[in-house]
Structure formats: structure tokens, C-alpha cells
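Colleague: Each chain, written out:
Protein chains: 2
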Amino acid sequence: MTFGRVAILGPGLMGGSIALALAERGLVGRLVIYDRSAARLEEIRAAGVPAELTDDPREAVREADVVILCVPIEAMAGLVREIRDALKPTALVTDVGSVKGSVVGEIEPLLGDRAFWIGSHPMAGSEQSGFAAAHSDLFENAAVIVTPTAQTRPEAVERAGQFWQALGGRVVRLSPEVHDDRVAQISHLPHLLAAALVCETSEEALDLAAGGFRDTTRVASGSPELWTEILSANAETVACRLAGLIHYLQALQAALEKADEPSSRLALRTMLKKAQHARSQIPESKSKLKKHS
Amino acid sequence: MTFGRVAILGPGLMGGSIALALAERGLVGRLVIYDRSAARLEEIRAAGVPAELTDDPREAVREADVVILCVPIEAMAGLVREIRDALKPTALVTDVGSVKGSVVGEIEPLLGDRAFWIGSHPMAGSEQSGFAAAHSDLFENAAVIVTPTAQTRPEAVERAGQFWQALGGRVVRLSPEVHDDRVAQISHLPHLLAAALVCETSEEALDLAAGGFRDTTRVASGSPELWTEILSANAETVACRLAGLIHYLQALQAALEKADEPSSRLALRTMLKKAQHARSQIPESKSKLKKHS
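First to last, the protein sequences are chains A and B.
Number 293 marks the last residue of the first sequence (the working numbering); no jumps.
Number 293 marks the last residue of the second sequence (the working numbering); no jumps.
Some clues are possibly wrong.
Coverage of chain B stretches by chain A, computed from C-beta distances (three or more under 8 Å per stretch; other residues unrestricted) [unchecked claim]:
#1 134 to 145
#2 182 to 188
#3 253 to 260
No wet-lab data here; the hints were simulated from the structure.
Small disclaimer: the values here were computed from a predicted structure and weren't measured.
Note that the Cβ used here is the ideal one computed from N, Cα and C, for glycine as well.
When you get a sec, could you build the whole thing from the sequences and use the hints?
Modeller: Here it is, written out as C-alpha cells:
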């Protein structure tokens, strides 16, 4: 089975990994990669990816059976406006954006019935970005969320699910709003927190930091531009979850201020035990993606 | 060079790693390990550690030139009371406790001039504990903080420094109070934060968690009992640093609530950039300690 002609628009970490995975698994008839940067296209040519390369997005999507939008969130709508008249009406169009409410809200009305559109978000990646970090096994056992709305045609849900499954993903269906709330909890808020923690740590203390601190704050090495975009696109939900966390931290502060009282120690211990247990339930990734400190 | 007769009281992750490192590096004349649990001693015997094993702490420290207290913080003072009359007056006595103000404050008056006492804290370890997790290279390039006070004799500072250096550590001298503040920032507060984050994340969201979330919350897998002890022993300082962080998070929440204003986006981006830069300055560990998820 192949997905026919696949167009990847924006071969960064995500797009590049999709290209490598499709090629390695023999899942593609023809692979076309679009990027507006000649240097980026040259990097991909040099890496030997078996794909046609173009700096014309309309050219890339013409005759494509599957189109994957892998550009930054804020560039998506502009790109869709550029390509929409060149799409085959039977094309599956999806994206890899980390926020779905705003992206789906913009793209859905732009595409209408011009193609089979559905939003996607593969929960894979790292603090790294760019094609140099791409890996053919990035999606192996990763959750990939597809986000149908009331307007989504069942065939789009079906085909997007098959596509991500073929790359190794565990497909999960959620509405864009539920997606944004869950991802705020497990990705956006942790990112904000890691960055805040680093900013609030004195230079002298950072000098003493060991493996635990490096782990806790690893995500804070991610691109500030990318993350400003992500946090802004999901700002309302992240703000709401952050408010809840602040409330929780205030209770912990109160417990620490009376740490000699047995009830405070019990509260601390109960919280730590709950955290240890909940963390032990997190499913293990099978991705062999190398981690860099 | 050897350190003569070395007694390790409490062979968990820290004590066990010290024993393995001393043996591997040929730094010890005679190695004596004390634990009150026969099962633990049997575990060490089975691992083939070249040491005399005893369940009598007074027996362990008799004739010892170096004594390392590796029991939980709250057991330290009781243990020191038990052994202090059996110590050689020339013995170097130190510990590996994660909090120094309370530990040093208790032990210093108990020992007086009965031995050369100074507090130590090797900034190494992981969310694991127990002898099974011990590694001979745990201290390789790790910061080891020694905490002299006005009462500490210069020979104690000197000898403790030589000891940790010989195990591969980078020795740093700080007062117990400065130690506790820095460690609150890079270890105790991050631990509390990771645990709070896990507790505030819904089960449905945890199901989607990827590598970033696992990294951010790895420390929350640590022993709840051990960490209740640590956080309680440094409660005042941790509460103060937590208050500062909450303040910072409240400002971030306000920025997110006005994320469509350019000034808010600029504030977010500046914060993320500062975090990325600061994190890139954290020194790299050379420990080969295996990380488990």
C-alpha cells in the first residue's frame, strides 16, 4: 500500500521526519517537498531524501493525494490561501500544528470542500528543530491526535488515521478544544514552567545544577520564536491551566510555611506519593529519538 | 594515596556509590560498611564489594580515618549520638545530606572536637535510590559542596576536599545557608514543581504525554518519604523561593491573558529567550549514570 503522491510543505523536524518515515517504509508513490528556502532544499537534497524538491507550493500540491502542512502555525493560513486552488478535490490535507483550535478555525473555512481537510498533531519531537533533527522513527508509538469537527467528512478522519498509523503512531480523536486543553497541560504549561524556573534561578545556583535540573528544564531549550507562537495561539487555555497550578502551588507554599506541623508533612507526602504514582502510569515511548542535553 | 580506613554508614545510592568508587580507584586501605538491615548487608556481600560489613555502627567507626554518614537526614543526629564516643579524634567525619543548615546545626555541637567534622553534599544522584542504583562514577564531574562554618577546622575543609576530588567531584565551598538557598533553587523547588505539575494534570492528558513531559517530571518519581524529609528540612528557604516563582508565574498569566497585545508577546518571547540562553550555560555532567524513564 502507498499513499500515492504526497506533498510535504515545510520540511523541518516534523515534515522531515514524515518524509524520512514515508521513504523508509515504502509508503509513497511520489514524494514532493516544498520549502521557500533554497538552502533548506539543498540540505534535503544533500541528505539523499528520495523526493522532488520545489520552492513553489502550488507546484508541490498539484496532483498530490496527501498534503501535509508543516510550516509554523502563523504561516499556515497564508500558505493555504496560496495553494487552495491548486489542490485536487480528492486530496487529504492535514497539518502538524501544536495548537488546533486556532489553526482548524482558520483553515476549515478557507478550504471548505476544496479537499478533505482535518487537523493533526503528532505528539512527538524534542527541544530540537529543523531537518537536521528529523528521524524516520519519530512517530513510532507516539500519540497522534486528529481533530475532527462537525464539518469534517468521515473520509478525512479515516484517511488521516490510516496515514499516521502507517508511520507508527497511535491515533487518538479529539475535538480541537479538548486537544488544546490536554496539550496545554502536558506540553504548553510544562514548557512555560521550565522556562520560568530557569529564569528564576540565580547564575550561581545554575553552576551547581545536576542531571535532575537538566531533565526538568530540557524543554526550555526549545526555540523561543516557535514557542511564543504556540503559547500565543493557545493563550487562553494555558492561562486557565496556569491559574489552577498557581493555586495549587500557593497551597504547597502554605504547607511549607508550617512544615513542623504533622498535617503539613502529611499533605506534602500525600502530594509526592500521588505524583510518583501518576507519573509511573505515563506510557513509555518506543521512539529511538536521541536526546541531547 | 589511600584514605586509610573508611567507614560508610548507610550504603544506599550515595554510600554505595562512594564504596564502589573508593574500591575501583584503589583509594582505601580498609573499607567498612554499616547498615542496620541484614538484608541490605547481604545485598552488598552478594555484589562482591570488597568491604567488611557490620550492623554495629560503633564497630564500623572504631579506628576509621574517614567516616561518611549516608543515612536519611532525620536519622543523622541519632546515629552521631551513637557513634561519637567510638570515633578516633583524628577522624574526618562528613555526610551526604541534601540539606545542610539543619544537619550541620545538629551535628556540629554533638561532635565538638571529638573528630574533624564538616558537612558535604554531592550534587549527584537520580530519582532512583538504594544500593542497586549505585555507580562507581556517580561523582565524576559532579559538584560536591562542602559547608564550613565558623567552627570548622581548616584541616577538615582540606581533607574533605581531597576526598571528594579523589572520587572525581568538583569541590565547591559554601556556607550551609548559601548551600540551602542554591539547592532550593536547583533541586528542591524543581522537585516540588514537577510533582505539582503531575498532580494537576488530568489522567486523560497524561495518556498523551510524550518525551518532553517525561523529562520535565522525571524527578517526581523520587521517593516520597525521602523528599518529604528533604523539603521539610529546608522548608523555609523553599517556601521563600516558591513565593518568588509564584509571583513570576502570575506575571506570565497576565501576559497570556493579553496575548494578542504585542507587548505581551514580546514579554513571553524575551522570557523564553532568556531561559534558552541560561539553560545553555548549565555545565555538562560527565557521569555515565544511566537514566531510566
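Colleague: Can the stretch 182 to 188 of chain B be counted as covered by chain A under the rule of three residues or more with Cβ-Cβ separation shorter than 8 Å?
Modeller: Answer holds; 5 residues pass the 8 Å Cβ test.
Colleague: For the stretch 253 to 260 of chain B, count the residues whose Cβ lies under 8 Å from any Cβ of chain A; is that count three or more?
Modeller: holds (count 5)
Colleague: Has the stretch 134 to 145 of chain B got at least three residues whose CB is nearer than 8 Å to a CB belonging to chain A?
Modeller: Since three or more residues must qualify, the claim that chain A covers the stretch 134 to 145 of chain B holds, with 3 doing so at under 8 Å.
Against the hints set out earlier in the document, no violation occurs for any number.
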